[in-house]
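*Asks:* One-letter residues, chain by chain:
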Amino acid sequence: MKKIQNKPGEKWWNEKPSYRLYYIREYSGILIALWALYWIGFSIAILIARILIEYLPETNTAFGHILFLPLKYYFLFTAIGLAGAVIHTITWLQSMPNIFPFRLSKFQKGVAFGVLILVWIGLSAVIYLTIRSQL
Amino acid sequence: MPKNFSIKIKRYDPGTGKIWFETHKVPADPKLTILDAVRAINEGKQASVSHRSSCQMGICGSCGAIVNGKPVLMCSTFCKDLKTPITIEPLKNFPIVKDLVVDTDNAMDKMREALPYTTYATSKSKSASKQTPRQLNRIKETSQCIKCMLCYSACPIFGLDKEFIGPAAIATGWRYNKDTRDKITNKRMDSLTSKDGVWKCSFIGECSNVCPKSVDPAGAIQKMKVMGVLHSAKSIVKRKKK
Numbered sequence: 001m002k003k004i005q006n007k008p009g010e011k012w013w014n015e016k017p018s019y020r021l022y023y024i025r026e027y028s029g030i031l032i033a034l035w036a037l038y039w040i041g042f043s044i045a046i047l048i049a050r051i052l053i054e055y056l057p058e059t060n061t062a063f064g065h066i067l068f069l070p071l072k073y074y075f076l077f078t079a080i081g082l083a084g085a086v087i088h089t090i091t092w093l094q095s096m097p098n099i100f101p102f103r104l105s106k107f108q109k110g111v112a113f114g115v116l117i118l119v120w121i122g123l124s125a126v127i128y129l130t131i132r133s134q135l
Numbered sequence: 001m002p003k004n005f006s007i008k009i010k011r012y013d014p015g016t017g018k019i020w021f022e023t024h025k026v027p028a029d030p031k032l033t034i035l036d037a038v039r040a041i042n043e044g045k046q047a048s049v050s051h052r053s054s055c056q057m058g059i060c061g062s063c064g065a066i067v068n069g070k071p072v073l074m075c076s077t078f079c080k081d082l083k084t085p086i087t088i089e090p091l092k093n094f095p096i097v098k099d100l101v102v103d104t105d106n107a108m109d110k111m112r113e114a115l116p117y118t119t120y121a122t123s124k125s126k127s128a129s130k131q132t133p134r135q136l137n138r139i140k141e142t143s144q145c146i147k148c149m150l151c152y153s154a155c156p157i158f159g160l161d162k163e164f165i166g167p168a169a170i171a172t173g174w175r176y177n178k179d180t181r182d183k184i185t186n187k188r189m190d191s192l193t194s195k196d197g198v199w200k201c202s203f204i205g206e207c208s209n210v211c212p213k214s215v216d217p218a219g220a221i222q223k224m225k226v227m228g229v230l231h232s233a234k235s236i237v238k239r240k241k242k
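Just so you know, the protein sequences line up as chains W and H, in that order.
Numbering-wise, the first sequence is residues 1 to 135 according to the numbering used here.
Numbering-wise, the second sequence is residues 1 to 242 according to the numbering used here.
For reference, chain W alone in the conformation it holds in the complex:
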């Protein structure tokens, strides 16, 4: 008797909303990673620029394009990172059914979700305001 295989298709990730949600959750991590890389690079650039301005004032123009980027670009990067963080938080919370060893009520889940979003927005605001005061 011949059995036939019943494997997931090439587009299995598009078969169910929960699978799509899983991919959105995973890929939204890339936005956060880019955001983090951008801030690490930016912080190092500022540090190097300040040292150079202090000790070698004639070389400061080399980092001018980083230090004096129009503010709207910084705002854009922060907004992209914030969007990624919010999407990641929402999809992560939605895709974990009951993974905690304790049970959360609907209200408690709402509070946890609200706090996480506030943390992300607060963090983005702090970073943006810090940059604004530096430039």
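Simulated from the structure, these hints should not be mistaken for laboratory data.
Note that the structure is a prediction, hence the values are computed from the model and not measured.
Just so it is clear, CB atoms sit at the ideal spot from N, CA and C, and this is done for glycine as well.
Hints should not be assumed to be uniformly reliable.
Cβ-to-Cβ under 10 Å is the rule here; a few derived chain W residues that face chain H [said to hold, decoys possible]: (1) TRP12; (2) GLU26; (3) THR89.
With chain W's structure known, arrange chain H on it following the hints.
*Replies:* Coordinates of chain H only, in the frame set by chain W:
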């Protein structure tokens, strides 16, 4: 509620290798389950749709199928709650034997790898083994697993990688590891945290969504990953001491 339910069944004939969809009308009834509908089609229309079933009350776990794209137990899914036409397909990720009958041997073998028994059960001791209600509560949820294989059908990781031990086996392993009467935790951990064990789970979470007994295999896997890290650390320390 409509006068008739339109039921679309995926058929497979192993003799000819033919696959096709067949649509039947079944008189609507609010108490009609998918299993009842399949039986009505077989009895009334001589359709001879091959399927598995036994208890008809969501306990034996033998009547799993994909209904409207979701793995469910046919006996506990009511036609009135579904959009028509109702599509019934065999469980995904398992080879199809005929119509709605699938070969679950691979997943059953995985269940054996999780050593689903306590040493108490295998020992010759006749003394009573005591367990407090609190100890029992810790394993109560995962004890509800009926091995219906819906979680395996919902798990794309198992579908893509047949070596993955799978959700039910890990949930069962967790249940016996947390059993206070058990003495073979280390042996079980070696199998559950091997390269084909818990680490392959990327936490899609669909296994917990489809579980008819609310076992939460996704939660058990995450907890097992923590246990796995501690088990590996202990093994390394033991090896160094030797």
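*Asks:* Does the interface hint hold: is W:THR89 within less than 10 Å of chain H, judged Cβ to Cβ?
*Replies:* violated (15 Å)
*Asks:* Should the hint that W:TRP12 touches chain H count as held when the rule is a Cβ pair under 10 Å?
*Replies:* holds (5 Å)
*Asks:* With chain H as the partner, please determine if W:GLU26 meets the hint condition of a C-beta pair closer than 10 Å.
*Replies:* holds (8 Å)
Hint compliance for this structure: hint 3 is the single one not met.
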